[in-house]
Amino acid sequence: MAPSLEARSLTRRFGTFTALDHLDLKVEGSKCVGFLGPNGAGKTTALKMFTDLIFPTEGEAFVNGVSVQANRKSALSSCGVLIETPEIYGSLSPREALEMVGALRGMERSEVRARTDEVLAEVRMTEWADEKFGRFSKGMKQRVNIASTLLHDPEVLLLDEPSTGLDPRGVAEVRDIIRGLKQGRRLVFFSSHILSEVVDVCDEVALLNHGKLLFHDTLANVTGRFTSGVTEVDVEFLQPVPDDLVARSIRPIPGVESWARQDAQRLTLTIAGGPPVKSRVLEGLVGLKLGLVAFKESKNALEAVYLSQVTDGES
Amino acid sequence: MSAATPAPSPGLPAGSSSASRLPGTWAQALLLSRYQFRDYLRSRRFILMMSIVGVIGAIITLVLYHYNGAGLSGSADAFYGSLWGGGVYVVIIFSGIIFGGDAIAGEFQNKTGYFLMGLPIRRTSVYAGKFLAALAASLVATVFYLLILVANGAYYLGAGAVPLALLESFGIMLLYLLALLGAVFLFSSMFKNSLYAVLVVAVLFLFGFMIIVALVVGLVKTEPWFIIDYARGVISYPFDPVLPAHVMTSRTFGGGTTTSYNPTYPEGFAIMIGYFLLTAIAGLVLFEREEFT
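Protein sequences appear in the order of chains Z and V.
Residue numbering for the first sequence is 1 to 315, as defined by my numbering.
Residue numbering for the second sequence is 1 to 293, as defined by my numbering.
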């Protein structure tokens with residue numbers, strides 16, 4: 001059975017405030033799904049209901065077809081969970097904490113030992129394996145938390161902003177880990193504020209705003225649907241490019257709709273079309289032999305979608 | 001962290017940790033209690049608790065030494081009756097506050113609950129596991145207190161002067177400890193803030209219940225059978241040659257009378273068992289409903 005997560009009319013109200021409003025969402029298969037939304041959109045609320053940390057006012061959450069609300073133990077057995085930045089008992093070492101996690105999950109001792117070494121190496125905490133958790137920085141704690149979610153090689157991973165508290169290198173490393181996890185037979189579902197991170201590792205995205213699901217689709221479909229295939233690309237040349245040269249040589253390249261100057265050497269091109277058109281424009285620019293040194297999207301397509309859909313959601 | 005996470009380990013396919021191999025509720029509780037107890041033993045609170053017992057033991061030892069054990073020689077029952085039967089409850093209350101006061105509240109405030117509750121474990125296991133760990137840590141403290149008394153007893157009364165009543169009293173003390181921890185865990189479940197939980201437990205058990213007992217007996221003139229503090233009197237009964245009267249009336253200077261109560265054995269046991277069962281269940285129900293918002 002393919003790993004799956006499902007929310008059926010999942011709703012949570014806090015007094016008169018509706019944090020999550022009848023979320024219907026099903027993700028299935030080995031893939032990575034980004035859960036996006038501004039602060040207060042309901043992402044963490046949803047993830048907490050998927051892990052039984054809070055209870056729904058209405059609806060139900062399922063992991064691999066098992067209701068979390070009816071049978072949390074069974075539902076979470078094949079799940080790795082990282083919500084917020086959990087603390088581990090301060091006097092335990094990462095090795096002991098993972099030993100505890102393995103024991104509670106019913107793993108054999110030898111298996112726990114082997115996996116502990118693997119996952120601690122994975123999060124680069126091997127040399128701290130026997131130090132006390134209480135002495136660690138937030139980033140180090142988060143690495144151990146990530147290791148604990150991977151210990152039993154879960155089918156489903158639920159991660160709530162896993163990069164929180166990590167330095168830029170740590171953020172990049174977490175991204176690499178998530179990307180690597182997709183190689184297994186796993187469903188990775190994670191919330192993030194970092195759109196580039198989502199674009200980098202996710203196959204699908206779900207966008208939440210004011211507790212409501214705005215859409216859930218593949219990344220390509222989402223960006224295609226909401227941007228009408230038009231993207232802005234920043235290009236930079238080694239030497240200044242005069243306007244007449246742009247009008248004569250660059251504007252006529254098929255796919256270039258319009259252009260705007262940033263400075264003598266840099267332009268912003270509006271390109272209509274998907275990746276094949278962008279590829280042809282790039283080839284055309286290279287063919288002009290003007291010393292092209294940069295060709296990148298002004299803002300990623302997902303960011304454009306996000307900004308267009310999330311209007312007043314910031315809180 | 002490496003650029004590419006390896007595929008599932010050989011012999012460990014993704015999802016191999018199925019529900020079927022998860023330990024049962026009580027097995028998980030025992031497993032958790034082992035690690036929680038280890039955490040207690042290494043913690044500052046354990047050092048604090050042992051220091052408190054050490055100070056109490058030192059004071060007892062110094063007082064006994066100063067008076068050269070006067071009035072104690074030849075009477076092991078009197079010695080253990082007053083120092084164990086009449087004093088161990090202080091150790092139990094302190095250990096209850098220190099090990100149990102924030103046991104549940106701390107899971108919310110310190111965010112350790114986010115780590116535990118992401119695992120496939122029932123809240124009952126978490127609650128029971130933490131209860132067992134607090135019980136074990138409290139027992140270490142009471143046994144330390146007992147060892148101090150036994151050492152003093154051996155010095156003044158002879159090495160063999162350990163009465164059988166001490167064993168009986170130890171058993172009753174265990175029941176009192178269970179009841180007290182049950183109540184402490186209930187209060188701990190009511191709060192998400194460790195400080196509030198510890199404060200409420202400390203005030204209630206160090207002063208509150210005592211004052212309530214005094215008020216109930218003095219003003220309402222009713223037997224305070226519903227207060228756990230009242231029940232602890234039976235801890236010292238095994239050392240008494242004659243059990244105290246259940247109801248005692250005495251004359252005051254003004255010519256009036258005062259009434260005091262002593263619990264009977266069945267009463268004491270019933271109060272402690274009742275407190276343990278009711279508070280443990282109520283605390284668990286609260287914890288089951290508490291949310292990690």
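Derived by calculation from the structure, the hints in this document are not laboratory data.
Certain hints may be false.
What the hints assert, rightly or not - Cut-off 27 Å, straight-line C-alpha distance, at most; resulting in silico cross-link-like pairs (DSSO-like, lysine-lysine):
no., chain 1, residue 1, chain 2, residue 2
1, Z, K212, Z, K278
2, Z, K212, Z, K31
3, Z, K132, V, K221
4, V, K221, Z, K73
5, Z, K26, Z, K138
6, Z, K73, Z, K182
7, V, K221, Z, K138
8, V, K192, Z, K73
9, Z, K278, Z, K289
10, Z, K26, Z, K278
11, Z, K296, Z, K278
12, V, K192, Z, K138
13, Z, K138, Z, K182
14, V, K111, Z, K132
15, Z, K132, Z, K31
16, V, K111, V, K221
17, Z, K73, Z, K26
To be verified - For the chain Z half of the interface with chain V, some residues (derived, Cβ under 8 Å), not all of them:
no., residue
18, R13
19, I54
20, E87
21, P240
Said to hold, decoys possible - Here are the simulated distance ranges between beta carbons:
no., chain 1, residue 1, chain 2, residue 2, range
22, Z, F14, V, H246, 20 to 30 Å
23, V, H246, Z, K132, 46 to 56 Å
24, V, V285, Z, R13, 55 to 65 Å
25, V, F269, Z, S9, 48 to 58 Å
No experiment lies behind these values; they were computed from the predicted model shown.
Even glycine gets a Cβ: it sits at the ideal position worked out from N, Cα and C.
Verification of the supplied hints:
1. K212(Z) x K278(Z): Violated: K212(Z) and K278(Z) sit about 34 Å apart, past 27 Å.
2. K212(Z) x K31(Z): holds (23 Å)
3. K132(Z) x K221(V): At roughly 55 Å apart (the allowed maximum being 27 Å), K221(V) and K132(Z) break the hint.
4. K221(V) x K73(Z): violated (51 Å)
5. K26(Z) x K138(Z): violated (33 Å)
6. K73(Z) x K182(Z): holds (25 Å)
7. K221(V) x K138(Z): Roughly 57 Å separates the two Cα atoms, so the pair is violated.
8. K192(V) x K73(Z): holds (24 Å)
9. K278(Z) x K289(Z): holds (18 Å)
10. K26(Z) x K278(Z): Roughly 33 Å between the alpha carbons, so the hint for K26(Z) and K278(Z) is violated.
11. K296(Z) x K278(Z): holds (10 Å)
12. K192(V) x K138(Z): holds (22 Å)
13. K138(Z) x K182(Z): holds (26 Å)
14. K111(V) x K132(Z): Holds: K111(V) and K132(Z) sit about 17 Å apart, inside 27 Å.
15. K132(Z) x K31(Z): violated (35 Å)
16. K111(V) x K221(V): Violated, because 46 Å separates the two Cα atoms, which is more than 27 Å.
17. K73(Z) x K26(Z): Holds, at about 21 Å.
18. R13: Result: violated, 12 Å to nearest chain V Cβ.
19. I54: holds (4 Å)
20. E87: holds (4 Å)
21. P240: Violated. Min distance 39 Å.
22. F14(Z) x H246(V): 20 to 30 Å: 53 Å Cβ-Cβ, so the 20 to 30 Å window is violated.
23. H246(V) x K132(Z): 46 to 56 Å: Roughly 53 Å apart at Cβ, these two residues keep to the hinted range, so it holds.
24. V285(V) x R13(Z): 55 to 65 Å: Between V285(V) and R13(Z), where Cβ atoms are some 23 Å apart, the hint is violated.
25. F269(V) x S9(Z): 48 to 58 Å: For S9(Z) against F269(V), whose Cβ atoms are near 51 Å apart, the range 48 to 58 Å holds.
Violated hints for the displayed structure, listed by number in ascending order: 1, 3, 4, 5, 7, 10, 15, 16, 18, 21, 22, 24.
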